[in-house]
Amino acid sequence: MTTNSPTEVLLRVIDLRVSFFTDEGEVRAVDGVSFEIRRGETLALVGESGCGKSVTALALTRLVPSPPGQYRGGQVLLDGEDVLTMSKQRLREIRGARISYIFQEPATSLNPVFRVGFQIKEALQLHRPELATDDEVVRLLELVGIPDAAQRARAYPHQLSGGQQQRVMIAMALACHPALLVADEPTTALDVTIQKQILELLRDLKQKLQMSILLITHNLGIVGDLADRVAVMYAGRIVEHGPARTLLTRPLHPYTQALLKSIPRLGAQRERLVSIPGVVPNPARLTTGCKFHPRCPLVQPACSAEPEPSLEERDGRAVRCPYVMP
Amino acid sequence: MSTPATSLWRTAWQQLRRNRLAMVCLGVIAFYALVALTAEGIYWYYRLTDQTPPYKQVNFDNRFAKPSLRHPLGTDSLGRDVLLQVIQGTRIAFEVGILTSLIAIPIAVVLGALAGYYGRRVDDFIVWLYTVFDSIPGLLFILAIAIVVGKGLLGVCLGIGLTTWVGLCRLIRGEYIKHRDRQYVLAARALGVKNFAIMFRHILPNVLHLVIISFSLRFPGAILTEVVLSYLGVGVQGEPSWGIMISDAKLRLWQGHWWELAGATAAMFFIVLAFNLFGDALRDALDPKLRTAEAKTA
Numbered sequence: 001m002t003t004n005s006p007t008e009v010l011l012r013v014i015d016l017r018v019s020f021f022t023d024e025g026e027v028r029a030v031d032g033v034s035f036e037i038r039r040g041e042t043l044a045l046v047g048e049s050g051c052g053k054s055v056t057a058l059a060l061t062r063l064v065p066s067p068p069g070q071y072r073g074g075q076v077l078l079d080g081e082d083v084l085t086m087s088k089q090r091l092r093e094i095r096g097a098r099i100s101y102i103f104q105e106p107a108t109s110l111n112p113v114f115r116v117g118f119q120i121k122e123a124l125q126l127h128r129p130e131l132a133t134d135d136e137v138v139r140l141l142e143l144v145g146i147p148d149a150a151q152r153a154r155a156y157p158h159q160l161s162g163g164q165q166q167r168v169m170i171a172m173a174l175a176c177h178p179a180l181l182v183a184d185e186p187t188t189a190l191d192v193t194i195q196k197q198i199l200e201l202l203r204d205l206k207q208k209l210q211m212s213i214l215l216i217t218h219n220l221g222i223v224g225d226l227a228d229r230v231a232v233m234y235a236g237r238i239v240e241h242g243p244a245r246t247l248l249t250r251p252l253h254p255y256t257q258a259l260l261k262s263i264p265r266l267g268a269q270r271e272r273l274v275s276i277p278g279v280v281p282n283p284a285r286l287t288t289g290c291k292f293h294p295r296c297p298l299v300q301p302a303c304s305a306e307p308e309p310s311l312e313e314r315d316g317r318a319v320r321c322p323y324v325m326p
Numbered sequence: 001m002s003t004p005a006t007s008l009w010r011t012a013w014q015q016l017r018r019n020r021l022a023m024v025c026l027g028v029i030a031f032y033a034l035v036a037l038t039a040e041g042i043y044w045y046y047r048l049t050d051q052t053p054p055y056k057q058v059n060f061d062n063r064f065a066k067p068s069l070r071h072p073l074g075t076d077s078l079g080r081d082v083l084l085q086v087i088q089g090t091r092i093a094f095e096v097g098i099l100t101s102l103i104a105i106p107i108a109v110v111l112g113a114l115a116g117y118y119g120r121r122v123d124d125f126i127v128w129l130y131t132v133f134d135s136i137p138g139l140l141f142i143l144a145i146a147i148v149v150g151k152g153l154l155g156v157c158l159g160i161g162l163t164t165w166v167g168l169c170r171l172i173r174g175e176y177i178k179h180r181d182r183q184y185v186l187a188a189r190a191l192g193v194k195n196f197a198i199m200f201r202h203i204l205p206n207v208l209h210l211v212i213i214s215f216s217l218r219f220p221g222a223i224l225t226e227v228v229l230s231y232l233g234v235g236v237q238g239e240p241s242w243g244i245m246i247s248d249a250k251l252r253l254w255q256g257h258w259w260e261l262a263g264a265t266a267a268m269f270f271i272v273l274a275f276n277l278f279g280d281a282l283r284d285a286l287d288p289k290l291r292t293a294e295a296k297t298a
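Listed in order, the protein sequences are those of chains L and D.
Okay, so the first sequence: first residue is 1 according to my numbering, each after it adds one.
Okay, so the second sequence: first residue is 1 according to my numbering, each after it adds one.
Looking at chain L on its own, in the form it has when it is part of the complex (with noise of 0.2 angstroms):
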């Protein structure tokens, strides 16, 4: 295994495309996406419902059911080494205790048939078996904030509350000391109140235990608080990529910019709030040209021809559209 410097690429996905092949033809979900993340580093990818993020998320470890899913290129190296190429013994070794995940819904990521403890203690016997104890299982449970961990072990997933599934979720994800935890929409389902207690959760075991996180969220307004990093995604592809301070107060892209436009903020009673125009594009149908022209504020007549435009990156930041040059 490789030094643990903080610099250092922990995963670099280039070119990643999966398409999905409906009665519609070929739908590609993911097409042509690239970005890396470094040890202990926060990638938030953020982007509306079916943008590809998920999808983008599964096919970390090669999870996107196939069929209908198919991998259509591209590399994700996990330390260099190919997760898309790689044997499914490699990848049962890789899942869980490279990269673990946590799912949008707690209350159904979690087996409705076994004690939580149960389920803990079999994460670690996948990959840590000599640490597949009951104190163990315990001391997780505490990690992630759960009181009277001893007890409520023994209790089944429906006895728990939301914030508290989340928190066994989390505890499973994290039992085998994986290097990235991909968070898919990881406080989607739940109070706005436990949101923020899991986000800080997670904050804190980030730096607890050294590990990198990938966000997925189309929530722009909790990345603020976890993020060092943010990519745009629309329509399948990257529009928008740079560090979380400066993209989001300073958008490029007319998409991002919009996205933000469509937060809600408290003391801004007089202010509309602002929607997108139109809605998210049928990726089995979509435009030529740039992607998001049909909603975009900004509407060049150039706009709709191929080529495409290119991500085009300056100064540590990228942007998928000429008229907004970073």
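Once the Cα atoms are required to be at most 27 angstroms apart in a straight line, the calculated DSS-like pairs of lysine-lysine come out as:
no.: 1; chain 1: D; residue 1: Lys178; chain 2: L; residue 2: Lys88
no.: 2; chain 1: D; residue 1: Lys56; chain 2: D; residue 2: Lys66
no.: 3; chain 1: L; residue 1: Lys88; chain 2: D; residue 2: Lys194
no.: 4; chain 1: D; residue 1: Lys250; chain 2: D; residue 2: Lys66
no.: 5; chain 1: L; residue 1: Lys196; chain 2: L; residue 2: Lys208
no.: 6; chain 1: L; residue 1: Lys206; chain 2: L; residue 2: Lys196
Treat the hints as calculated values from the structure; they're not laboratory data.
All values derive from a computational prediction rather than experimental measurement.
Starting from the structure of chain L, add chain D where the hints point.
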């Protein structure tokens, strides 16, 4: 939040216990099971000591004896005690019920799980397979198997076992199709669990109640089929099964010798009724979704 952790099974058991009819049925089933176990002991004792068991002892001086204190259910055409034969019939009935389940349920669960979980070609093949099995008239198929394997208990059990897995298989397949897209399955895959472990350790406990319900509902069916087969002459040979008793007794009913037929029929009636009622109660307790669906339509 301080309620003690109760599992699905314990909740179901608590509900079942409140159902008085189900408890009576369970008592009847337990009684029959005890009788069957005793009969098994008697059977093996006389077989191993190489003696003629009492239920086979012929007594021509005492043919067609009416029910009395010595023979509570009378005697048959060879002077054998009917009650003792009914007890042995219980043993055969339980053997058939259990053995056919041991054959049919594993086939149904494994094929249903494979078809539902993997889908595509595996599913196509298994659906084709059970559709073929399902399109053959059941009784003829059982007769064919019983004749090929040879008359007797083994033939009957294989015949019934190999033909009655289709219904449960369909049910299990449908449940697996539903469960394979559940997020807990994705979460298990994301932890690096193998497909087989997901199928049988993660999903199976979620559909196990169907297996148990199916077991209690198919048991009486197997008993009845054995009776029919014995009646038709391909059933158990040389041992007193209910079917053979009914088949023998029907010829003598017009002579007024009702006790042999009555004994075997009553024995069969109560266990089949008990299993059916208990199976329904079990389904209500273990499959809450089904119960609410029924309540809505009622």
